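Colleague: Chain by chain, the residues:
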Amino acid sequence: MMAEDIQAKLKNYKTAPFDARFPNQNQTRNCFQNYLGMNIMWLLPVSTSWQRSPDYSKPDFHRCTKVLTAKGADTTPCEWFRRVYKSLCPISWINKWNDQLEEGTFPGKI
Amino acid sequence: MAHQAHAYHMVDPSPWPLTGATAALLMTSGLAIWFHFHSLSLLYLGLTLLLLTMIQWWRDIIREGTFQGHHTPPVQKGLRYGMILFITSEVFFFLGFFWAFYHSSLAPTPELGGCWPPTGINPLDPFEVPLLNTAVLLASGVTVTWAHHSLMEGNRKEAIQALTLTIILGFYFTALQAMEYYEAPFTIADGVYGTTFFVATGFHGLHVIIGSTFLTICLLRQIQYHFTSEHHFGFEAAAWYWHFVDVVWLFLYVSIYWWGS
Numbered sequence: 001m002m003a004e005d006i007q008a009k010l011k012n013y014k015t016a017p018f019d020a021r022f023p024n025q026n027q028t029r030n031c032f033q034n035y036l037g038m039n040i041m042w043l044l045p046v047s048t049s050w051q052r053s054p055d056y057s058k059p060d061f062h063r064c065t066k067v068l069t070a071k072g073a074d075t076t077p078c079e080w081f082r083r084v085y086k087s088l089c090p091i092s093w094i095n096k097w098n099d100q101l102e103e104g105t106f107p108g109k110i
Numbered sequence: 001m002a003h004q005a006h007a008y009h010m011v012d013p014s015p016w017p018l019t020g021a022t023a024a025l026l027m028t029s030g031l032a033i034w035f036h037f038h039s040l041s042l043l044y045l046g047l048t049l050l051l052l053t054m055i056q057w058w059r060d061i062i063r064e065g066t067f068q069g070h071h072t073p074p075v076q077k078g079l080r081y082g083m084i085l086f087i088t089s090e091v092f093f094f095l096g097f098f099w100a101f102y103h104s105s106l107a108p109t110p111e112l113g114g115c116w117p118p119t120g121i122n123p124l125d126p127f128e129v130p131l132l133n134t135a136v137l138l139a140s141g142v143t144v145t146w147a148h149h150s151l152m153e154g155n156r157k158e159a160i161q162a163l164t165l166t167i168i169l170g171f172y173f174t175a176l177q178a179m180e181y182y183e184a185p186f187t188i189a190d191g192v193y194g195t196t197f198f199v200a201t202g203f204h205g206l207h208v209i210i211g212s213t214f215l216t217i218c219l220l221r222q223i224q225y226h227f228t229s230e231h232h233f234g235f236e237a238a239a240w241y242w243h244f245v246d247v248v249w250l251f252l253y254v255s256i257y258w259w260g261s
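Protein chains in written order, with our numbering: chain A, 1 to 110; chain B, 1 to 261.
Hints are computed from structural coordinates only; laboratory data are not their basis. In this text, all values refer to a predicted model and were calculated from it rather than measured experimentally.
A short, non-exhaustive set of chain B residues, derived as facing chain A with CB atoms under 7 Å:
# : residue
1 : P110
2 : G113
3 : G114
4 : T119
For each residue, glycine too, the CB sits at the ideal point set by N, CA and C.
With the hints as constraints, model all of the structure from the sequences given.
Modeller: In structure tokens form, the structure reads like this:
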């Protein structure tokens, strides 16, 4: 995927598009997978100063961007994941998982 | 002297169905009383009555069949149907627990970490004691078949030996499983993994104990010359039940122990 395509997609983003990996009514996995994708992205092997970030939801994107830029990689996957899970997931779930990440009790494999 | 003009068994009036039903009532209400008021008395009373009912009812069946000759071929056929239907109902019983296991493990929720085994669970190594248990039960299936053939051939000594060996293997399984339960790093309270594991394997273990008991009764009866080479349905029923227990274990092993790890 070209970076320009992704930028265009992000610019025109209205809501999470159909993902054939999750065709059924229950979209829990879709939400969870994108949340994981977002958080896996910024847990690439670097120093973990992100843990000291005050606002837990915001710096993901920034750290993810920074990390991927440092590696010379395309940074738009981070933003894509973030948009998708923000569209799909109940806010209470996101808050709960962010709290768990802070406490170190998040059960997902990051 | 009055004779019946048919080969069926019109059973004499018996109190055991009533005592059995009473036991069921006492056990269910006893369970509720235990949950809410911490008293085990009613439950114990129910269990005692159940035990006495089973002993006396089955003792009476042995008297009617072996000593009084009421178990003609048609009667035996009915008993066969009965045992088959009972085992079928038990199959459905276990099917429910397998359903529960697959429901939870095929689509693990985010609370579990979206994976199976769930985050934090260290499952038992399927190639250690569980594999030994599989071998033990499979071997016991062989020995019980050996016992059956010995019985049919009129070989009293070997029938007793094979049946004894089957029972020993059954006890060995139970002992190994008890040790596994004691040593397991997870408990029944450890999320849906613990629940599905211990409920499914626990009920299986209970059935192993029931089966072993049934086989032991058969051994005692064989020693006391109850069985003939042509007529030994009690033994056949026990053997069917034992094979059923073995098959359930195989499904448990493949699903929960092996795939589920």
